[in-house]
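Work out the full structure: start from the sequences and follow the hints.
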Amino acid sequence: MTIELKSASKVVRGITHIKPTSLVMKTGHFNVLLGQTGSGKTSLIKLMAGLDPIAEGQIFFDGEDVTKLTTQRRNISLVHQFFVNYPHMTVFENIASPLRVAGMAKSEIEGRVQEAADILQLGPMLNRRPQELSGGQQQRCALARAIAKESRAVFLDEPLANLDYKLREELREQLPELFAGRGAVVVYATSEPEEALLLGGETALMDDGVVTQFGPTAEIYRNPATLTAARVFSDPPINSASIIKAGGEARLGTGVSWRLEGQAADLPDGEYTVAIRPHHVTPVEASSSDVAIEGKVLVTELSGSESSAHFQMGDHGWVSLAHGVHPYQIGEKHRFFLNASQALYFAPDGRLVA
Amino acid sequence: MAKITLSNLRHSYLPNPSGPADYALKEIDLDWRDGGAYALLGPSGCGKSTLLNIISGLLNPSEGRILFDDKDVTDLPPDQRNIAQVFQFPVIYDTMTVRQNLAFPLQNRGVNQSKIAERVAEIAAMLEVEEMLDTRAAHLSPDNKQKISMGRGLVRDDVNVVMFDEPLTVIDPHLKWKLRSKLKELHQRVKATMIYVTHDQTEALTFADQVVVMQEGEIVQIGTPVELFERPQHTFVGHFIGSPGMNILPATVENGAAMFHGNAVALEGNVTGSGGTTELGIRPEFIKLSDAGIPARVRKVSDVGRHAVVETIVGDIPVKAVVDSASVEQGEEVHLTFEPAQTRLYRDGWIATEVAQ
Amino acid sequence: MKTENQKAWFFVLPVLILVAFNALVPIMTVVNYSVQETFGNNVFFWQGLDWFEQILRSDRFHAALGRQFLFTFLILIIEIPLGIIVALSMPRKGFWVPVCLVTMALPMLIPWNVVGSMWNIFTLPNIGLLGYFMNDVLGINYDMTQQPLSAWITIIVMDVWHWTSLVVLLSYAGLVSIPDAYYQAAKIDGASPWKVFRYIQLPKMKTVLTIAILLRFMDSFNIYTEPFVLTGGGPGNSTTLLSIDLVKIALGQFDLGPAAAMSLIYFAITLLVSWLFYTLMTKDDAK
Chain D
3 MTIELKSASK VVRGITHIKP TSLVMKTGHF NVLLGQTGSG KTSLIKLMAG
53 LDPIAEGQIF FDGEDVTKLT TQRRNISLVH QFFVNYPHMT VFENIASPLR
103 VAGMAKSEIE GRVQEAADIL QLGPMLNRRP QELSGGQQQR CALARAIAKE
153 SRAVFLDEPL ANLDYKLREE LREQLPELFA GRGAVVVYAT SEPEEALLLG
203 GETALMDDGV VTQFGPTAEI YRNPATLTAA RVFSDPPINS ASIIKAGGEA
253 RLGTGVSWRL EGQAADLPDG EYTVAIRPHH VTPVEASSSD VAIEGKVLVT
303 ELSGSESSAH FQMGDHGWVS LAHGVHPYQI GEKHRFFLNA SQALYFAPDG
353 RLVA
Chain W
119 MAKITLSNLR HSYLPNPSGP ADYALKEIDL DWRDGGAYAL LGPSGCGKST
169 LLNIISGLLN PSEGRILFDD KDVTDLPPDQ RNIAQVFQFP VIYDTMTVRQ
219 NLAFPLQNRG VNQSKIAERV AEIAAMLEVE EMLDTRAAHL SPDNKQKISM
269 GRGLVRDDVN VVMFDEPLTV IDPHLKWKLR SKLKELHQRV KATMIYVTHD
319 QTEALTFADQ VVVMQEGEIV QIGTPVELFE RPQHTFVGHF IGSPGMNILP
369 ATVENGAAMF HGNAVALEGN VTGSGGTTEL GIRPEFIKLS DAGIPARVRK
419 VSDVGRHAVV ETIVGDIPVK AVVDSASVEQ GEEVHLTFEP AQTRLYRDGW
469 IATEVAQ
Chain V
13 MKTENQKAWF FVLPVLILVA FNALVPIMTV VNYSVQETFG NNVFFWQGLD
63 WFEQILRSDR FHAALGRQFL FTFLILIIEI PLGIIVALSM PRKGFWVPVC
113 LVTMALPMLI PWNVVGSMWN IFTLPNIGLL GYFMNDVLGI NYDMTQQPLS
163 AWITIIVMDV WHWTSLVVLL SYAGLVSIPD AYYQAAKIDG ASPWKVFRYI
213 QLPKMKTVLT IAILLRFMDS FNIYTEPFVL TGGGPGNSTT LLSIDLVKIA
263 LGQFDLGPAA AMSLIYFAIT LLVSWLFYTL MTKDDAK
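Chains as they are written, first to last, in our numbering: chain D, 3 to 356; chain W, 119 to 475; chain V, 13 to 299.
Mixed in with the good hints, there may be bad ones.
Claimed, not checked - Restricting the straight-line Cα-Cα distance to at most 25 Å, the calculated cross-link-like pairs of lysine to any residue (SDA-like) are: (1) W/302 / D/210; (2) V/207 / W/258; (3) W/294 / D/210; (4) W/233 / V/204; (5) W/296 / D/336; (6) V/105 / W/233; (7) W/300 / D/296; (8) V/199 / W/229.
Since the hints were made in silico from the structure, they are not lab data.
Pasting the structure below:
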């Protein structure tokens, strides 16, 4: 199965929600739509699902033109951020409802529902109603409905956003296994870079109604085509600052400079933007090639095993992310080390150049 | 500002609770220092919101007392406790401007106009909302609305405690860290006692000096963020804090030595107690893939960019390791070594090793 | 660029046809009558705007219009606050909620002419329960068939009895939709009950109150059956509201032309005032 968009766009009352987009999403892995709130993830999903009319372009499912088909006839499943279940039906009936609509035989429905419920550990809850379930169970019920239906495409629109942190982690781990080998194209929208990385597969970066880049997740993470793409795919936010390249050297406004290597060294002299991920700015020196910088620590954060520090250097706020706990003094100067070999360089127009 | 004491607190939503299972809160005893930043951390339904509502006075506990600076406030209604609370969904007086919203708690208490103006200006500056002071609050974005809700809590200088009930729920993910850090900064500036309720470890660990981890109506550990991460007193804490959480592995104890799947495992210190169900606890960060050690097979490798999470199985027990770069592949046979100083034994869930000397 | 699917208009077609038959055709008939004079036999004479001029200059119309506005004004000023007060005092959860709601809805379930008859019998002096009680027990001279004041009080009380429930139910719907956190925040902010009402409950009820006021305005401004059954417009012309007067002209005197003109003026006033109410009450939201 594949979903193919051919310069598909969406316009609502003269406002462009999705600019002409072309991409092919395949089965066998997750297709992640990554972008901040309002970047057009949900709009794109609705377009593919047939919930919103397409302004121009075409959509193909497995080569078949479905542009004019209604949602009902596209045979898709959609799981929302909010737990959408039929409140008056039991969990069993909820999972069975799309199968009943499809006119499936009763015995087959039972088998399918049982299977989906087993996978999602809903077995003991089949006779309860959604409001008697916890949030995580309600969302599992919605997922079970999508699995039982065996649709051609499954759209998951930030399905974990409203769940408890730990629950999110557990369900996120299970998701790829749930849909593995089912033949459906799985499209997963999220605003969290880490979620995209954990789900793997392919990622489409979205920004302001455009897919800016599409490809294998890890590859896009390592080689963002533009500065915007790098920003979308980084949490905490990626550090960026303008540098002047002169000869083999890059110089930050604050006077810090380092030797350029490889591709970066071959660039013509001039002004560029350097972007360095927070985990390449560390409070401890990792290698002798690291560039020492100093900044005033504004805020520190701790999440389990990692700690981050937001600090001010020159006109820019910088972020450092490191394993372990580090003794920062808020408001005090602190030394950090840039791993310059991991820096990305962008031309003034935002393109990745090295 | 006040010190807060909770003594023998219990609460049940049932009229006649008969057993421990009927209690949403089981026996809470706590002392919170004046001016401290505390977090109540736990999954939904662990009783953290119940506890918060009891402190604010929105709920009366079935048993026990609440003291603010040694003064019993158990029977006082919320408005007489001098507290402030920020709710999950921003509470805004729609018809008022931002300025009127911020002034509201002061006006209700008959504070004089010049003092109100001064406090509102101060808080607005702190929250960086000065330029929107005269817009109607109804037109603000969710994060600004939540800032105003916080502002209403902070504008009074006589509050005993400011409480936050999952205040970042409706905030856009990419704005969360800004508000998180704003909150931290606010605490450092106003020095009020603050209690922050959340299920999100980052929010709790970032905000609080002391985190109270709760599970099923019970406090399982109170500690600094570092203590919770490094030496969880309970397997639940190990599991709940850290991403991925601590590996909790079935183990046996033979002659004071721990055995995991037929391999002897060195622990941080001597084993205490006896009997019960024993488990090993080790964080994925402290497991290394090496040439020798416990044999395992790689089930899955997730490259998270800054590190990789390697899921292995030992027999049929999953063990996760966090490594710097994804150097192994799915299906590969590897060996795991556990860092002894970070390997602990748990008995019936509770820690059962002595601290390394 | 094609941005919308034109087929969608087909789906509106049935509604358009329905509206045409439901509203446009009858109204056009009235317009037709309002500019002509007829003496029966389907013979019509062109009158132009004469009837409109006649109606607008007639003292009788002015008096009826005045009574109509007075009636509506009194109804609104009593029913809206009373409805809000009752809604505020109703329980928000528990066993009594359905009991209250059903009790509240009861008066609205009674057919309008039955309400009129009920109150007629109830208030008749000497034989009606209320009439007897007022006159013979309390010694208050009360007779809605003879005294204009008694008649007015009776139709007002009757309408309040019949329709306050609507305001109650709508306000109640608005109240229960307010999350608990608002009340809790207000408690913590030290807000008085009045301030809770003024800054939380009233703003949150605004949408439903707008609907309630509009409905009550339109209904009371067009009221016919109940006062007609109760007082027949009397004593004298003291309770002859616009609608009653209109029927008198149209069916009593069979002056179809003036009656049609009056209907249109009546309609225009209702429309204008409804529009004014709506614009005034929703103007804040537009910002």
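Hints, one by one, checked against the model:
1. W/302 / D/210: 32 Å, violated
2. V/207 / W/258: Measuring from Cα to Cα gives roughly 22 Å; hence the hint holds.
3. W/294 / D/210: Holds, because 20 Å separates the two Cα atoms, which is no more than 25 Å.
4. W/233 / V/204: 21 Å, holds
5. W/296 / D/336: This hinted pair holds, its Cα atoms lying about 21 Å apart.
6. V/105 / W/233: Not OK: residue 105 of chain V and residue 233 of chain W at ~41 Å, beyond 25 Å, violated.
7. W/300 / D/296: 22 Å, holds
8. V/199 / W/229: With a Cα-Cα distance of about 17 Å, the restraint between residue 199 of chain V and residue 229 of chain W holds, given a limit of 25 Å.
When the structure is compared with the earlier hints, violations turn up for hints 1 and 6 and for no others.
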